[in-house]
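Asker: Sequence:
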Amino acid sequence: MTDKKRIAIVRVRGRVHVRRDIGDALKFLNLTRVNHCIIIDNRKEYMGMIKKVNDYVTWGEIYPDILEKLLEERGRLNGNKPFTEGHLKKNTKYKS
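Note that the working numbering has the sequence shown beginning at 12, numbered continuously upward.
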């Protein structure tokens, strides 16, 4: 089931009255606040977590052109630094 597809997940509900197991899954996915988005691989381990938190998130396949635009406009690195093309060239095999 592992393929090259990516999934975007956006948290749409807050943390009031969230069951502990659902809250733990949201923390593991690093969805700590409303309107946060993460990009993950399409693996069955992640799909199980998505099913658990389905009432608190919206999700779907993200196309490469949309992913590129998302990273350019909203991408952040550790330390709240902006995601730049220089970082991409330095730390990956991709040039742009």
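Misleading hints may appear alongside valid ones.
Unchecked claim - Just the calculated beta-carbon pair ranges, DEER-fashion:
(1) 27 with 96: 14 to 24 angstroms
(2) 26 with 103: 29 to 39 angstroms
(3) 31 with 95: 36 to 46 angstroms
Calculated directly from the structure, the hints in this document are not laboratory data.
Where a beta carbon is used, it is the ideal one built from N, C-alpha and C, also for glycine.
Asker: Could you check the structure against the hints above and give me the numbers of any it violates, in ascending order?
Answerer: Hint 1 is the one this structure does not satisfy, whereas the remaining hints hold.
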